[in-house]
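Taken in order, these protein sequences are the chains called E and P. Reminder that position 117 of the first sequence reads as 117 in full-length UniProt numbering, one-by-one numbering, no gaps. Reminder that position 62 of the second sequence reads as 62 in full-length UniProt numbering, one-by-one numbering, no gaps.
Hints listed in this document are in silico derivations from the structure and should not be mistaken for laboratory results. Just to be clear, a hint being listed does not mean it is correct.
[Said to hold, decoys possible] Partial pick of chain P residues on the chain E-facing surface, computed with a CB cut under 10 Å:
| no. | residue |
| --- | --- |
| 1 | Phe3 |
| 2 | Ala25 |
| 3 | Arg26 |
| 4 | Ser30 |
| 5 | Gly43 |
| 6 | Ile45 |
| 7 | Gln64 |
| 8 | Arg67 |
| 9 | Gln84 |
| 10 | Ser88 |
These numbers were taken from a predicted model, which means no experiment stands behind them. Positions of the beta carbon are idealized from the N, C-alpha and C atoms, including for glycine.
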Amino acid sequence: MTGRWLAALIRAYPPGWRRRFGRELETLVEDLAGDGRPPLSVALNILRGAAAAWLTDRRTALPDRTTALLAVLWSWVCFAATAAWFGKNAGEYPSAALAQSVGNTHPGLAITTDLLLVAGIIGIVITLVAAVPFAVASVRRAVAERSRATLALIATPPTTVIVWLAGLKLANTAAAGSTTRFVAVSVWLLAGVLGIAASTLAVGKVVARGGYPDWTWRVGLAAAAAVTVVMAAGAGATFAWGLAARPVRPGPDGGAIGWIIVVASMMLTTLRAVWALASLRGRRRATAA
Amino acid sequence: MEFTEPVVLVLSSLAGGPKHGYALARDIESFAGVTLGPGTLYGAISRLEKHGWIEALPTDDRRQPYRITAPGAAALAERLTAMQKVASAGLSRLALRPAR
Chain E
1 MTGRWLAALI
11 RAYPPGWRRR
21 FGRELETLVE
31 DLAGDGRPPL
41 SVALNILRGA
51 AAAWLTDRRT
61 ALPDRTTALL
71 AVLWSWVCFA
81 ATAAWFGKNA
91 GEYPSAALAQ
101 SVGNTHPGLA
111 ITTDLLLVAG
121 IIGIVITLVA
131 AVPFAVASVR
141 RAVAERSRAT
151 LALIATPPTT
161 VIVWLAGLKL
171 ANTAAAGSTT
181 RFVAVSVWLL
191 AGVLGIAAST
201 LAVGKVVARG
211 GYPDWTWRVG
221 LAAAAAVTVV
231 MAAGAGATFA
241 WGLAARPVRP
251 GPDGGAIGWI
261 IVVASMMLTT
271 LRAVWALASL
281 RGRRRATAA
Chain P
1 MEFTEPVVLV
11 LSSLAGGPKH
21 GYALARDIES
31 FAGVTLGPGT
41 LYGAISRLEK
51 HGWIEALPTD
61 DRRQPYRITA
71 PGAAALAERL
81 TAMQKVASAG
91 LSRLALRPAR
């Protein structure tokens with residue numbers, strides 16, 4: 001038990017370092033815990049080692065392409081979820097009819113929401129296109145290795161989409177405006193968020209196994225860079241929307257708090273993606289040096 | 001590469017044959033009386049592997065064994081010889097020091 005919580009501290013190490021030595025260090029920590037070493041002293045030593053790894057080993061501290069790619073993927077998923085929620089609200093803001101009339105009066109609002117929608121569509125298309133070579137290579141490998149677990153992970157995202165869309169259709173069959181429908185749709189939306197998270201985790205697990213040809217990584221990283229640009233454009237459009245919508249916002253705060261939260265979330269996820277790609281570039285330079 | 005104490009201890013232990021992390025920790029404790037924490041031990045192992053002074057051996061076990069490489073053995077021999085000179089000089093000077 002002690003060994004287990006001590007081993008959890010290994011997560012403090014840089015991802016690249018953990019990938020190479022994490023399992024070995026975990027085994028050692030469990031062995032030493034069995035020897036009766038003072039847990040606090042072992043814990044402090046692990047944390048000191050993690051700090052040293054971050055500070056001294058630039059190459060392993062910086063993310064490799066798997067880590068960078070998955071960081072961009074997670075950032076994009078979080079961004080897209082926020083953008084979808086915001087885009088839906090903005091499109092009906094404060095009602096669909098008023099949104100249209102406000103859009104006519106303030107063309108900037110319509111342009112920014114359209115830009116966000118276009119950015120979202122482009123981002124999704126790029127993601128799907130880049131996913132194809134990874135999916136094909138992963139399926140081939142899983143079939144060759146007869147790995148049912150990998151095949152199940154690969155099947156998770158499409159299965160989730162099919163099940164979720166079918167469930168949504170079912171939830172919408174309840175009488176319009178009824179409590180049953182409201183509850184069913186709300187629960188199903190929450191299930192959708194969990195499904196997105198599960199699918200992203202599954203993709204991450206498959207991709208982390210590596211073994212893809214170089215050109216596949218190049219496609220993946222080019223797509224990651226393109227998606228990051230799309231995120232930056234979407235965040236910019238949402239920011240501009242908030243500024244343009246100021247004069248026509250109803251309510252005491254003009255709905256500014258929600259907008260600020262959305263923009264902050266979009267900017268944070270975009271910066272996370274930029275940071276991942278910039279760190280990968282830094283790692284390549286350090287490796288070349 | 002900086003010859004820190006853990007680096008010398010790990011190389012000295014591996015000079016006696018391949019070992020995994022836990023065996024290294026126990027061996028170092030027995031011949032040097034030094035208790036290396038897991039973070040310190042793996043800090044040394046990662047640096048040594050990066051410099052090519054030790055290498056991982058293929059294994060199916062969860063415990064990864066390492067062995068010293070030829071450059072690692074040469075570097076250790078050089079370092080221990082230098083340390084021996086310092087130790088001899090220091091000990092002989094201590095012996096010559098007039099008693100107070």
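Please verify that hint: P:Gly43, Cβ, nearest Cβ of chain E, below 10 Å or not.
holds, 5 Å
Holds or violated: P:Ala25 as interface residue toward chain E, Cβ cutoff 10 Å?
This hint holds: P:Ala25 lies near chain E, its Cβ roughly 7 Å from the closest one there, short of 10 Å.
Closest C-beta approach of P:Arg67 to chain E relative to 10 Å, hint status:
violated, 15 Å
Chain E contact restraint on P:Gln84 - CB to CB distance below 10 Å
violated, 29 Å
Does the interface hint hold: is P:Phe3 within less than 10 Å of chain E, judged Cβ to Cβ?
Interface hint status for P:Phe3: violated (15 Å vs cutoff 10 Å).
Does P:Gln64 hold up as a contact with chain E if the rule is Cβ-Cβ below 10 Å?
Result: holds, 5 Å to nearest chain E Cβ.
Does the nearest C-beta of chain E fall within a distance shorter than 10 Å of the C-beta of P:Arg26?
Hint on P:Arg26: holds, closest Cβ of chain E at ~8 Å, below 10 Å.
Given P:Ser30 as an interface hint, is its Cβ closer than 10 Å to any Cβ of chain E?
violated, 13 Å
Does P:Ser88 pass the interface hint, meaning its C-beta sits closer than 10 Å to a C-beta of chain E?
violated, 33 Å
At a threshold of 10 Å, is the proposed contact between P:Ile45 and chain E supported by beta-carbon distances?
holds, 7 Å
Of the numbered hints given earlier, the model fails hints 1, 4, 8, 9 and 10; all others are met.
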